[in-house]
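One-letter residues, chain by chain:
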Amino acid sequence: MTPLEYAQVSFEAVAANKLRSTLTTLGVAIGSAAIILLISISIGASREVTKLVEGLGSNLYLVAPARQKGAALSGTASISRLQMSHAERLQRETAFHVVVSPVLNNAATVRHGREAKSGVVVSGTLPNFQEARNWRPARGTYFRKSDVDSVRPVAVLGQSVETALFAGGDALGREIVIAGEKLRVTGVMESKGQLFDLDLDNQVFIPLTMAQRLFGTTTLSFIFVAVPKPDDIPAAMAEARRILGQTLLPDQYNVRSQGETLETVQSISLIFTAMLGSVAGVSLLVGGIGIMNIMIVSVIERTREIGLRKALGAREPDILVQFLSEAIVLSFLGGCFGTALSYLGALVASKVYPSFVLSVSLTAVGLALGFSIAVGTFFGAYPAYRAAHLDPIEALRHD
Amino acid sequence: MVRVKDLVKTYHLEGLEVPALRRLSLTVEAGAFVAIMGPSGCGKSTLLNLLGCLDRPDEGTLEIDGVDVSRMSRADLAHLRSRKIGFVFQTFHLLSRATALSNVMLPFVYSGYPHDKRRPRAEELLSYVGLQDRMKHRPNQMSGGQQQRVAIARALANDPQILLADEPTGNLDSRSGLEITALLERLNREGKTIIMVTHNRELAEHAERIFHLLDGVLIRDEVVVARRSANELVGAVAGEMQP
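Those protein sequence lines, which keep their order, are chains U and V.
Counted from 1, the first sequence has number 279 at position 86 by my numbering; the numbering is strictly sequential.
Counted from 1, the second sequence has number 182 at position 137 by my numbering; the numbering is strictly sequential.
In short, the hints are calculated from the structure, not lab data.
It is possible that some hints are incorrect.
To be verified - So the derived list for chain U, only partly shown, Cβ under 10 Å to chain V, looks like this:
(1) Lys503
(2) Ala507
(3) Pro510
Values in this document were obtained by computation on a predicted structure and should not be read as measured data.
From the three backbone atoms N, C-alpha and C, an ideal C-beta is built for every residue, glycine too.
Take these sequences, add in the hints, and give me the full structure.
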């Protein structure tokens with residue numbers, strides 16, 4: 194028998210029981226779809242993360258309040274002990290040519306006339322924030338050191354905030370209100386896009402001193418430190434720990450590079466990956482058992498056919514391959530349904546979360562189809578072995 | 046030629062030894078038409094299975110065309126079945142999903158018959174058994190007699206020397222039975238060796254010899270004196286049916 198003949202005979206057998214075959218393939222279909230989505234999401238996530246790291250700059254590290262274990266996931270806020278004095282010491286005592294950019298962040302509602310946008314991240318910064326983050330206004334200007342020193346009511350908007358409050362118009366020179374304070378818009382930042390559901394353009398930048406006044410605090414949310422060369426980061430971070438260690442306890446601060454910050458994001462996507470991974474594994478297992486079950490039924494139903502084929506000259510390997518290829522055809526069809534399902538899933542996901550670009554990876558499709566063939570081979574082996582070793586005389590007598 | 050010598054086959058059922066064949070010997074000349082008769086349990090089915098290379102004897106030899114097949118591997122026996130032996134069963138054993146044509150083409154799969162010649166050969170065989178206008182029919186669209194003709198065409202697919210028929214008319218009405226018998230007679234005249242197992246004395250009398258088996262041994266080798274001819278009988282039946 195040629196492979197083509199095996200395939201043809203198998204397809205005929207599968208097509209002879211359409212409903213049963215379709216139901217049998219469902220488990221493998223779901224498993225394959227889960228595999229495809231899982232890999233596509235991981236690929237998508239790591240691409241987003243890489244994009245973000247590149248966007249932030251690879252020459253950046255961060256001083257932040259110490260974080261309790263799991264705080265990033267539970268959303269528990271840490272109390273900051275960071276003060277302007279720490280930023281100043283970092284700048285003063287370093288051996289590197291660094292840019293130290295202290296930041297005070299707070300969520301607030303931003304208004305313009307009757308428009309309001311809540312949940313905007315209001316960042317109090319110094320002008321050097323632009324250098325540290327390599328992020329500058331697309332239009333207008335950032336505020337200057339003199340604006341910070343004299344606590345001037347000025348603001349630079351992220352693009353999402355401008356869009357929300359000025360409905361397509363130009364915000365430059367107009368006024369916004371934050372916590373009852375009127376601020377004049379001097380610039381609009383370049384768009385940074387989105388990271389998963391997080392809109393990086395949903396920010397307003399104001400002088401650090403103004404932020405301290407508005408939010409009634411002198412502590413800093415964190416301090417960005419940009420180092421000239423990425424290679425210097427480990428040494429610069431060690432130095433920062435030494436400097437800060439003089440005035441802060443080890444559990445009051447945390448020095449980490451951007452890569453480490455992003456591990457949080459990745460840990461979330463890891464949980465998702467693990468979840469989908471288990472779904473994929475369980476579905477493939479159950480699907481495989483389903484195929485095994487239906488193949489055993491099929492072997493019993495077709496005992497006389499097997500006896501006849503043997504009488505007509507079929508050898509044991511002929512029968513083995515025939516039933517094995519039937520199992521593989523079943524689970525491969527499941528893999529194909531799964532591929533279709535995953536495209537559907539990606540389509541639905543992109544409607545529900547427009548910000549998250551989920552493109553089905555062809556590598557993932559190939560892998561899932563490979564898995565489905567492996568499942569068919571593994572779970573089809575025993576029924577096929579049983580069929581091949583039937584005694585032709587007994588089989589012909591079977592009714 | 047088929048030569049059986051001192052054939053022994055014993056079945057083991059739940060610890061019990063059940064002798065099916067006990068030193069059975071017989072010879073069927075090439076081109077002969079023989080019947081094997083005997084009551085249930087006499088060993089005729091066991092003999093047929095051994096002759097058909099579906100099983101191997103415990104002792105003794107079985108020669109087909111001068112080759113001892115009694116110690117061959119299962120794979121070699123399968124090869125032999127596809128080349129030298131055609132089976133005709135009481136219950137036809139056609140694939141119900143497949144057309145007459147596909148059923149006749151089934152043996153080609155295992156004999157490696159050239160692909161381009163399979164269909165013409167199957168059509169030729171179906172015409173030979175008188176089913177040229179039933180090629181695309183499935184078994185459930187055909188009468189018992191027609192189904193058995195398809196089965197005979199299938200048995201002839203690889204042009205085997207020997208046809209083994211197990212109660213070939215057992216599931217047919219008398220007229221279809223006669224037609225099938227006539228077909229077997231015709232195949233015999235054209236050179237096939239036919240070995241037929243039956244309970245039916247009348248059917249057995251179409252053969253030139255009848256081997257009578259009892260308890261696993263040959264008790265009588267009868268040469269049929271007044272041989273029946275199905276052709277004439279079909280004519281007679283047809284004549285009776287004339288108004």
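Right, here's what the structure says about each hint:
1. Lys503: holds, 7 Å
2. Ala507: holds, 5 Å
3. Pro510: At 8 Å from the nearest chain V Cβ, U/Pro510 passes the 10 Å test, so the hint holds.
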